[in-house]
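Please work from the sequences and hints to get the whole structure.
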Amino acid sequence: MHIPEGYLSPKTCGILYAAMAPIWYLAARKVQKTLHAKQIPLLALSAAFTFVIMMFNIPIPGGSTGHMVGGVIVACVLGPWAAVISISTALVIQALLFGDGGITTLGANCFNLAFIMPFTGYYIYQLVSAGSPGYRRRWVALFIAGYVAMNMAAVAVAVELGIQPLIASSPDGRPLYAPYPLSVTMPAMALSHLLFFGFIEAVGTAMVVSYIFKTNEALLHKEETGALRRLWIGLAILIVLTPVGLLAKGTAWGEWATEELKAIFGYAPEGMRSLEGLWISLLPDYNIPVFNNPLLGYIFSAAIGSSVIMVIIYLAGKIWKRG
Amino acid sequence: MGASNRIKTPEWLREAELVPCTYCATGKGQGFIEKNLAVIASFLREVLESEGFANRKGLLQAIDPRARLSGVLMLMISGAIMKTAMPLIVLLVFAFMAAIASRVTLSVLIRRVMPVAIFTFFLVLPSAFNFISHGTPVLRIFRWDSYDLYITAEGLEGIYIFLLRVVSMVSILSLFVLTTGYPDIFRALQSFPIPRFFIAALSMTFRYIIVLIRIAEDSHLAKKARTIKPLTLKEGHGWLASRIWLVMERSVEMAEGIHLAMAARGFNGDVKTMRVFEMKGRDYVWVGFAVFVLLLAVQL
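So the sequence lines, in the order shown, correspond to chains A and B. Anchor point for the first sequence: position 66 equals 66 in the working numbering, and the numbering is continuous, going up by one each time. Just remember that the working numbering sits 1000 ahead of the position in the second sequence, which is counted from 1.
Treat the hints as calculated values from the structure; they're not laboratory data. Glycine is no exception: its CB is placed at the ideal position from the N, C-alpha and C atoms. Treat each hint with caution, since some may be false.
Calculated lysine-lysine pairs in the DSS-like style (CA-CA distance at most 25 Å, straight line) [what the hints assert, rightly or not]:
(1) A:Lys33 with A:Lys222
(2) A:Lys222 with A:Lys318
(3) B:Lys1229 with B:Lys1035
(4) A:Lys214 with B:Lys1223
(5) B:Lys1083 with A:Lys214
(6) B:Lys1083 with B:Lys1229
(7) B:Lys1035 with B:Lys1280
(8) A:Lys11 with B:Lys1083
(9) B:Lys1057 with B:Lys1229
To give a feel for the contact side, a few chain B residues facing chain A, derived at Cβ under 8 Å [said to hold, decoys possible]:
(10) Leu1073
(11) Ile1077
(12) Met1086
(13) Ala1153
(14) Glu1154
(15) Thr1205
Here it is, written out as structure tokens:
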């Protein structure tokens, strides 16, 4: 998962260092506020812990073993902001003292492993385990958090590598850095992480954090009240902003109906025509005939859609809570 | 001695299986305990190896660590922006010449660079083919009907330059790691606009990695010594989770203790160091040389 020296163009390295600068600054501020004078030894020890667990091989079915990153474990114990500093410290040690990863690619590695991974994992865990979860739901929440976080970090690596041929080529079009386009890097990274590395991280995260719950729950980071509320407010704002989509002209790329396809290419494929009309939805084209107004119909459809989803999630949560 | 006095092998010991062990250290196969012990041993070897070379009297060791780090950074940026093969070859040759002048054993440097080089080679190998790099055919693998598979000149050139770039940059970084002692790296970092608390945390991190590694090694060795039968996957996971937890518990305990010890000695968050670096003529020459290479790389 560590991107070595020479794989990324100086432009990409510079941009990712610039992206990490405010994250490091914010993380340092947050950590200073929450950990106070204890921060240096605690951060140092947690970084040392991160470094050590990155070396552990975890057995997986089939007799093989694999390494884990441990980003979600650190985020669950210290909180996501402290995890940024802690994992970054471990990555700096790996690069500067052991030549693992790289100095020029340090910004990129920190962005993927010290920012995307702990934040994704931590908030997925918070969402799935919201309320008072039992052992089984907590285990599943941690498993999902580890799995998704690892895959998100892998996608970020795939994007960073896959855009190199686009942004850095010689005058004759030859790639100067990582040579594969997104069409190759995305499936390559996604497949290996969806099928293998994601499971290692998921199992590792679930077993270690569950063990902490059993032995010393007080050690785990307590989410300040209101963090999830802020997430809900953000989601509500997004729902309210849904009609902004009406400002866009035309149809979304690739979502063409057969008539539109015919207008663009001069013909509509036979297979598509034969399948058209197979399913007629309750609100075709987000339109409600009673209103006779596409704007009102669109907003009303969005409200119905989001309400149905919320009811389903609420019911699933009720059933889930029993587990 | 009568048959009744013979020592009987307990039933549980008879069940010990001498089969390839997937999850432990017994039998013919290499389980995760054995693998973890190998990783720990290799890590400790690397630490000692670097300390050995850093204490020798050589070209890079004689340069002020701040100047050394600045120069290495500039050389690596130069490697990153070079677009053709020749300057990268020169950079690689320079890295190896600097290694000889710094009394670093070449086989050690090569051993550090080889894993990345081999990984990169196999990673980029498919890009030599026409389905990734279109261009002039150099070697045709097969042709049948409309299917044509061949290696292109453009693909080979891409691999060649990419591999040279990675190998030269990793060689320079490894050379720096091998010739600079850990305390000097942290002191050198203080000259850069990096928050002091972060450098102090880095320095402590390194020291406590060694302590935590020892705890992990001891627990793995103890488990290996007590294991005669392969563990099930669930047992393996349970044991590993408990060991990771042990390392974490010790980290938190130590963090508390160290904080109290630091507070008792008057630590108020401000990090001070004893050693004062002094730049000499050769340090300026080294930095000037690195700037020169960087300026050349921009033009090449």
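Now the hints, each set against the structure:
Between Lys33 of chain A and Lys222 of chain A, the direct Cα distance comes to roughly 15 Å. Compliance with the 25 Å bound is thereby established for this hinted pair. Of the supplied pair hints, the one linking Lys222 of chain A and Lys318 of chain A holds, its CA atoms being roughly 23 Å apart against a limit of 25 Å. A C-alpha spacing of about 17 Å is found between Lys1229 of chain B and Lys1035 of chain B, which places the hinted pair at or below 25 Å, so the restraint holds. Pair hint Lys214 of chain A plus Lys1223 of chain B holds up; C-alpha atoms about 22 Å apart against a cutoff of 25 Å.
Between the alpha carbons of Lys1083 of chain B and Lys214 of chain A the distance comes to roughly 56 Å, so the proposed pair goes past 25 Å and is violated. At roughly 56 Å between alpha-carbon atoms, Lys1083 of chain B and Lys1229 of chain B are farther apart than 25 Å, so this suggested pair is violated. Restraint check for Lys1035 of chain B and Lys1280 of chain B: the C-alpha separation of about 46 Å exceeds 25 Å, so the hint is violated. Taking the CA atoms of Lys11 of chain A and Lys1083 of chain B, the gap is near 14 Å; set against the 25 Å cutoff, the hint holds.
About 51 Å separates the Cα atoms of Lys1057 of chain B and Lys1229 of chain B, which puts this hinted pair outside 25 Å; it is violated. Restraint check, Leu1073 of chain B versus chain A: the minimum CB separation of about 7 Å is within 8 Å; hint holds. Nearest Cβ of chain A to the Cβ of Ile1077 of chain B: about 7 Å, under the 8 Å cut. The hint holds. About 14 Å separates the beta-carbon of Met1086 of chain B from the nearest beta-carbon of chain A, more than 8 Å, and the hint is not met.
For Ala1153 of chain B, the shortest C-beta to C-beta distance to chain A is roughly 10 Å, which exceeds 8 Å, and the interface hint is violated. With a least beta-carbon distance of about 6 Å to chain A, the hint placing Glu1154 of chain B at the interface is held under the 8 Å criterion. Because the beta carbon of Thr1205 of chain B sits about 4 Å from the nearest beta carbon in chain A, less than 8 Å, this interface hint is met.
When held up to the earlier numbered hints, the structure conflicts with 5, 6, 7, 9, 12 and 13 and fits the remainder.
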